[in-house]
Amino acid sequence: MTGKRRRIYLVLACAIGLGSASALTLMALSDNLVFFLSPSQLAEKAPQGGRAFRLGGLVESGSLYKQTIDGHPQAKFRVSDGAASIEVEYDGILPDLFREGQGAVALGSLRPDGKFRASEVLAKHDESYMPREVADALKKSGHWNPSAGPPPPAATWNTLPTKPGG
Amino acid sequence: MIPELGHFALALAVALALAQSLCALLGAARADARWMASGAALAYGHTIAVGSAFAALIWSAVTDDFSVQNVVENSHSLKPLLYKITGVWGNHEGSIVLWCLMLALCGAAVAGFGRSLPSILRARVIGILGLNAAGFLLFTLLTSNPLLRVWPTPLDGRDMNPLLQDPGLAFHPPLLYAGYVGFAVPFAFAVAALIEGCVDAAWGRWVRPWALASWSLLTGGIALGSWWAYYELGWGGYWFWDPVENASLLPWLTGTALLHSAIVVEKREALKTWTVLLAIATFSLSLSGTFLVRSGILNSVHSFASDPTRGIFILVLLLAVIGGSLILFAWRAPALGSTGLFAPVSREGALVLNNIFICSIAVVVFTGTLYPLFAELVFGAKLSVGAPFFNATVLPLAAPVLLAMVVGQILPWKRAALGPALLRLWWAALIAAAVGLSVALGLRALLPALGFAGAAWLIFGSFGEIIERIRLFRIPLATSCARLKGLPLAVWAATIAHAGMGITVAGIVGMSLAREKIVAISPGEAVTLAAYDWRLDGLRDGAGSNFRERIADISVWRDGALVVRLTPARRSFTTQRMETTETSIHTTGFADLYSVLGEERDGKAILRLHYNFLAPWIWIGALIMSLGGFLSVADRRLRVGAPARRPAQSVPAA
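Top to bottom, those sequences are chains P and G. Residue numbers are given in the numbering used here: position 148 of the first sequence equals residue 148, and the series is strictly consecutive. Residue numbers are given in the numbering used here: position 366 of the second sequence equals residue 366, and the series is strictly consecutive.
Treat the hints with caution; some may be incorrect.
Across the chosen pairs, the derived CB separations fall in these ranges [said to hold, decoys possible]:
#: 1; chain 1: G; residue 1: 413; chain 2: P; residue 2: 22; range: 19 to 25 Å
#: 2; chain 1: G; residue 1: 426; chain 2: P; residue 2: 22; range: 32 to 38 Å
#: 3; chain 1: P; residue 1: 120; chain 2: G; residue 2: 545; range: 29 to 35 Å
#: 4; chain 1: G; residue 1: 319; chain 2: P; residue 2: 8; range: 18 to 24 Å
#: 5; chain 1: G; residue 1: 601; chain 2: P; residue 2: 30; range: 39 to 45 Å
#: 6; chain 1: P; residue 1: 120; chain 2: G; residue 2: 5; range: 44 to 50 Å
#: 7; chain 1: P; residue 1: 74; chain 2: G; residue 2: 543; range: 29 to 35 Å
#: 8; chain 1: G; residue 1: 426; chain 2: P; residue 2: 68; range: 41 to 47 Å
#: 9; chain 1: P; residue 1: 120; chain 2: G; residue 2: 118; range: 17 to 23 Å
#: 10; chain 1: P; residue 1: 72; chain 2: G; residue 2: 469; range: 53 to 59 Å
#: 11; chain 1: P; residue 1: 72; chain 2: G; residue 2: 4; range: 25 to 31 Å
#: 12; chain 1: P; residue 1: 68; chain 2: G; residue 2: 380; range: 54 to 60 Å
#: 13; chain 1: G; residue 1: 395; chain 2: P; residue 2: 76; range: 55 to 61 Å
#: 14; chain 1: P; residue 1: 22; chain 2: G; residue 2: 545; range: 50 to 56 Å
Just so you know, these hints were derived from the structure itself, not from any lab. Source: prediction; values computed, not measured. Even glycine gets a Cβ: it sits at the ideal position worked out from N, Cα and C.
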């Protein structure tokens with residue numbers, strides 16, 4: 001075995017390892033990237049073909065409705081960013097910190113009837129926490145201008161005007 | 001008074017760490033024995049100073065000194081004593097002090113245990129550790145000082161996040177940090193080797209125990225964290241591919257590669273440059289893992305202690321450590337030279353293959369973890385990369401490693417043939433095939449069958465090396481037994497660690513067969529899940545020292561016989577006005593019966609019930625892996641001295 005052949009084997013092995021890694025990464029990225037959308041982005045352009053995405057916003061006050069169907073808990077609520085809102089359906093137990101008027105992120109996809117079917121609902125462990133995406137969406141919709149100070153209390157966001165001063 | 005003393009000790013530690021690094025590095029450059037000796041002595045002093053600061057912090061927390069900001073924010077007079085102590089490292093500031101203490105201990109350990117090291121190498125290692133420590137201590141002192149006072153003094157504290165008030169999480173950070181920080185020692189050795197321009201077998205032999213010990217601690221830490229997530233978060237899963245989890249997995253992966261490639265350096269003096277690079281990469285990933293998560297740059301569902309304002313300082317510090325060592329590597333690595341011949345089919349060839357695949361996995365996990373950050377900065381797109389991505393990329397890359405690690409273990413060094421090696425493992429292949437076939441017939445599912453077959457191949461095949469070495473059934477049994485006693489501990493260690501990996505794999509495959517059910521039932525009603533009848537007997541109220549709780553009594557029956565009573569609960573913590581779910585888990589050794597209480601509605605309780613097949617094996621396997629690592633460290637200590645070092649050929653960089 002000459003040094004040259006050994007080197008070829010080594011380079012070949014590295015190429016196979018890294019090559020398969022990058023091929024797998026690219027394939028998996030194109031299939032499994034989960035975009036984050038706010039209700040108003042959703043209203044503009046909805047993702048096609050039942051593709052999964054994350055929906056983030058505030059849970060509208062008074063929109064949460066829980067029921068039990070055949071012994072299975074189900075929850076319905078509306079997620080809003082001030083400019084638009086969408087109805088979400090979720091089968092399962094909502095997280096401990098899920099509250100009306102607070103931020104939440106739901107993973108799922110759009111159903112043909114335009115409702116959002118969530119497979120997972122997240123609310124962070126921290127009561128004052130607002131998911132970063134939700135915070136950004138709020139800034140965009142004009143609910144919160146960070147230069148004007150800290151965000152207003154979570155429970156009041158829903159009732160704020162869409163544009164500050166407007 | 002005590003917090004001020006701690007504050008002073010912390011400031012003193014910065015000075016001592018700086019002095020330690022200057023004395024040791026300058027002493028090494030001038031080959032001045034007195035300077036080098038003072039570096040080692042300063043390492044002890046630095047450790048005592050950080051230790052005093054940490055002790056002062058614990059003292060303030062235990063005595064409920066609410067004039068200390070950190071105690072106000074994270075403690076409460078009603079908090080149980082255990083959590084007053086462990087709460088010290090449950091937040092950013094305290095955990096960084098713990099981190100610095102570990103780093104100081106590493107330096108002191110090199111000073112104490114490294115007496116057989118060449119004095120210049122030892123001084124350089126101590127100096128580099130001191131330089132790192134000085135940077136991070138300065139960070140603590142300037143941006144995250146936990147010993148600051150607050151005025152006016154509040155009557156009571158704000159209490160700690162109830163999710164953190166748990167024994168699993170109390171001991172998870174110290175273990176994890178010990179693992180992270182331990183990799184600072186191989187890193188320091190790597191940088192010292194780059195300065196000297198010399199890596200040889202002796203270097204490999206000194207680095208390996210450190211890498212092994214850190215790896216074992218990190219394995220234990222990750223396992224404990226995953227176990228905590230499993231029973232405390234109550235989501236029923238054990239690994240969520242969350243940035244925080246990935247941040248701990250990355251150094252584990254490169255650390256695994258490092259401790260394998262260090263074997264090649266030690267036995268064959270090959271892969272030197274690569275091993276040095278791995279040592280740098282592992283510590284860099286440990287650092288970025290700890291601090292990117294702590295600084296809030298990586299968003300996560302379970303990072304508790306984060307504060308984005310400290311981001312810039314930490315980024316500069318990371319850049320200095322990682323960038324500096326990589327520049328040194330680019331400059332000095334050619335001086336290390338490469339020697340050692342090896343054939344593709346040989347023990348060292350197999351170890352190279354292991355390194356290539358494990359590092360590919362690390363690259364993939366790294367990409368997946370940082371891609372959302374990258375996409376937001378570059379394209380302004382908000383997206384997340386979740387479990388499906390990691391499952392689709394990591395599993396195909398991990399499978400070849402898992403299959404090959406059994407074969408690699410029985411290949412001899414230098415030159416080997418694949419055919420005979422495979423033939424000698426026929427019995428393991430037979431067991432694997434039998435397991436796979438019976439699962440395939442029993443479940444009528446292909447993937448779990450393949451997974452279990454792979455796990456069986458790994459668990460049984462790992463014993464192949466021992467069976468080869470004692471020549472079982474080829475020589476009289478008594479001679480085999482005699483050979484068994486004479487086997488070096490390192491062989492046992494490798495076998496145990498690899499078999500532990502197999503057990504973890506079996507657990508992961510088993511968890512893919514887990515079943516769950518969400519039901520709303522009234523007391524007296526029962527549901528069936530996985531051949532068990534789960535009956536809700538009743539609901540009652542309870543209270544602890546700082547919480548009230550609602551408990552569900554569930555009895556689980558199988559074939560009319562009572563198996564266990566489960567008591568999942570919902571706790572409300574009064575100070576933090578926060579609710580948590582307490583899972584109740586019964587393990588049979590082969591499966592976990594897992595129950596969570598949701599809310600109550602119309603007299604019915606919502607329950608989430610899981611039957612998690614082989615779940616305990618995941619953590620048992622990790623524990624065994626960690627044990628294997630420690631066994632290997634023990635073997636090295638017993639060995640009489642490392643081989644004499646050849647004189648360094650190249651001139652040290654001044």
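Hints versus structure:
no. : hint                      : result
1   : G:413 x P:22: 19 to 25 Å  : violated (32 Å)
2   : G:426 x P:22: 32 to 38 Å  : holds (36 Å)
3   : P:120 x G:545: 29 to 35 Å : holds (34 Å)
4   : G:319 x P:8: 18 to 24 Å   : violated (37 Å)
5   : G:601 x P:30: 39 to 45 Å  : holds (42 Å)
6   : P:120 x G:5: 44 to 50 Å   : holds (49 Å)
7   : P:74 x G:543: 29 to 35 Å  : holds (32 Å)
8   : G:426 x P:68: 41 to 47 Å  : violated (57 Å)
9   : P:120 x G:118: 17 to 23 Å : violated (56 Å)
10  : P:72 x G:469: 53 to 59 Å  : holds (57 Å)
11  : P:72 x G:4: 25 to 31 Å    : violated (59 Å)
12  : P:68 x G:380: 54 to 60 Å  : violated (42 Å)
13  : G:395 x P:76: 55 to 61 Å  : violated (36 Å)
14  : P:22 x G:545: 50 to 56 Å  : holds (54 Å)
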